[in-house]
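**Student:** Take a look at the letters that make up each chain.
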Amino acid sequence: MSNPQTVTATANLLAALSLDGKDSAGDRQVNGSALELLISELVNTLTLTTQETKWGSETAAQSDEPKEEGAVEARTLADAPKRSTGARSSPMVSGWQEVPDNSELMEQVYVKLELIGFRIGRRLAERFAPPNRRLTDTLDIVKFVCKDIWMLMFNRQIDNLKTNHRGIYVLQDNKFKWFLRMSGNNGGAAAARRAQPYIWLPCGIIRGVLDSYGVGTVVIAETLGLPQCTFQIKVVSDA
Amino acid sequence: MSSTYYFAIVGTNDSPLYETELGVQRDESKYLNQFIVHAALDLVDDAQFMSTACYLKTIDRYNDWNVSAYVTPSNTRLMLLHETKADDAIRLFFTDCHELYLKTLLNPFYEPNTPIQSQAFDIKVNMLAKKYLF
Chain A
317 MSNPQTVTAT
327 ANLLAALSLD
337 GKDSAGDRQV
347 NGSALELLIS
357 ELVNTLTLTT
367 QETKWGSETA
377 AQSDEPKEEG
387 AVEARTLADA
397 PKRSTGARSS
407 PMVSGWQEVP
417 DNSELMEQVY
427 VKLELIGFRI
437 GRRLAERFAP
447 PNRRLTDTLD
457 IVKFVCKDIW
467 MLMFNRQIDN
477 LKTNHRGIYV
487 LQDNKFKWFL
497 RMSGNNGGAA
507 AARRAQPYIW
517 LPCGIIRGVL
527 DSYGVGTVVI
537 AETLGLPQCT
547 FQIKVVSDA
Chain B
-11 MSSTYYFAIV
-1 GTNDSPLYET
9 ELGVQRDESK
19 YLNQFIVHAA
29 LDLVDDAQFM
39 STACYLKTID
49 RYNDWNVSAY
59 VTPSNTRLML
69 LHETKADDAI
79 RLFFTDCHEL
89 YLKTLLNPFY
99 EPNTPIQSQA
109 FDIKVNMLAK
119 KYLF
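Respectively, the protein sequence lines represent chains A and B.
First residue of the first sequence? That's 317 in the numbering used here, and the numbers climb one at a time after it.
First residue of the second sequence? That's -11 in the numbering used here, and the numbers climb one at a time after it.
Heads up, some of the hints might be wrong.
[Unchecked claim] Here are the simulated BS3-like cross-link-like pairs (lysine-lysine), alpha carbons at most 27 Å apart as the crow flies: (1) A:LYS459 <-> B:LYS91; (2) A:LYS459 <-> A:LYS550; (3) B:LYS112 <-> B:LYS73; (4) A:LYS463 <-> B:LYS91; (5) A:LYS463 <-> A:LYS550; (6) A:LYS493 <-> A:LYS463.
[To be verified] Just some of the chain B residues that point at chain A, by a computed CB distance under 10 Å: (7) THR0; (8) GLN36; (9) SER39; (10) THR40; (11) THR60; (12) ASN63; (13) THR64; (14) ALA74; (15) THR83; (16) GLU99; (17) PRO100; (18) THR102; (19) ILE104.
Everything labelled a hint here was simulated from the structure, so no lab data went into it.
Just so you know, even glycine gets a beta-carbon here, dropped at the ideal spot from N, CA and C.
Modelling step: build the complete structure from the supplied sequences, incorporating the hints.
**Tutor:** Okay, here's the thing in structure tokens:
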């Protein structure tokens, strides 16, 4: 079972090591694709474990039989009205073919992913802040996100940054790296919807970076066509 | 030469995350050190907005003691109480302590803004102090 700390540890490690030349910890390097693989597994595993802990624990209390049989049976009986058809079989079997439409489940996954991203973001901000220079202006911090953090994680910069100078920033990435290898059967809107969980982590990372500079924000991400995604940052605090 | 130093790492909510006394200590100054550093925090806030550098040199003086400060990007303050003036050595000490702090942060089991209780951290800080301050 993955727990947020183990996951954060691995993600931290990959983020910190998978760049060249900036590593003061002995120049060990990790193949950058490892981060992409981790992320795709991360979303899937979190969904499955959330499903298991939320619905597995409710049903495990009800029966004394061996867990697998009891769990599956009790699940279909007790939880059929609550769950969509996609989540009927045991987690080991379903894989990622059926996207759980259960919005409650996805909301929990969202909270977890965003929190993991938040923790990573705080550490990234401190670790990779420009040396001997502190950023004071919120716009500077957002630019730091667009250039440095994006360069670290995806090896490219944000394509477009818009702001209304009153606390709203829109970051647009036209070839989001993690989307480049994704394709849906019918393309278009369905694929974009299924790709949603994968941008929750970067949302959290952006929020973590800004929070470490003392700027409280709400970050929302949306994607309209697959390799493109947009992050909207709303500054909440009065700084 | 009895040079004594008091080093503290102060978090964003003004509570100390780590404190240590380096060198030979005089008895009466133990509690005083904390008071001096705490009082100097206001001055750190003022000086912070004057410059964008991380190392703010000596920001305060109290009797014989000088207070030097170093502010990290996430507003964690490293404070050093010292009697002698040694700007360069102190800057190097602060930079290395900052790197140690970063390594602590990278530990996913460490929650930022909580006291640092690692013994390894303690030993390394003492080693750095021996290297730069004595």
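**Student:** All the hints need checking, so say for each whether the structure fits it.
**Tutor:** Consistency of the hints with the structure:
Distance check on the hinted pair: LYS459 of chain A and LYS91 of chain B sit about 25 Å apart at the alpha-carbon level, within 27 Å; holds. Simply put, LYS459 of chain A and LYS550 of chain A have alpha-carbon atoms about 15 Å apart, close enough for the 27 Å limit, and the pair holds. Using a Cα cut-off of 27 Å, the hinted pair LYS112 of chain B and LYS73 of chain B holds, with the two alpha carbons roughly 23 Å apart. Only pairs whose Cα atoms come within 27 Å are accepted, and LYS463 of chain A paired with LYS91 of chain B is accepted, the gap being roughly 23 Å.
Taking the CA atoms of LYS463 of chain A and LYS550 of chain A, the gap is about 19 Å. The hint holds against a cut of 27 Å. Distance hint between LYS493 of chain A and LYS463 of chain A is fulfilled; the C-alpha atoms sit about 15 Å from each other, no more than 27 Å. The interface hint given for THR0 of chain B holds, since its Cβ lies 8 Å from the closest Cβ of chain A, which is under the 10 Å cut-off. Proximity of GLN36 of chain B to chain A holds as hinted, the smallest CB-CB distance being about 8 Å (cut-off 10 Å).
Because the closest C-beta pair between SER39 of chain B and chain A is about 9 Å apart, less than 10 Å, the hint holds. With 10 Å as the threshold, the beta carbon of THR40 of chain B comes within range of chain A, its nearest partner Cβ sitting at about 5 Å, so the hint holds. A hinted interface residue such as THR60 of chain B counts as satisfied when its beta carbon comes closer than 10 Å to some beta carbon of chain A; here the least separation is about 7 Å, so the hint holds. A hinted interface residue such as ASN63 of chain B counts as satisfied when its beta carbon comes closer than 10 Å to some beta carbon of chain A; here the least separation is about 6 Å, so the hint holds.
Because the smallest distance between the Cβ of THR64 of chain B and any Cβ of chain A comes to about 8 Å, under 10 Å, the interface hint for this residue holds. Because the smallest distance between the Cβ of ALA74 of chain B and any Cβ of chain A comes to about 19 Å, over 10 Å, the interface hint for this residue is violated. With a cut of 10 Å, the hint placing THR83 of chain B at the interface with chain A holds, because the nearest CB-to-CB distance is about 9 Å. Given the 10 Å rule on beta carbons, the hint for GLU99 of chain B holds: about 9 Å separates it from the nearest Cβ of chain A.
Residue-level restraint check for PRO100 of chain B holds (minimum Cβ-Cβ distance to chain A is 6 Å; threshold 10 Å). Residue-level restraint check for THR102 of chain B is violated (minimum Cβ-Cβ distance to chain A is 13 Å; threshold 10 Å). Using the Cβ-Cβ criterion of 10 Å, the hint placing ILE104 of chain B at the interface with chain A is not satisfied: the shortest such distance is roughly 14 Å.
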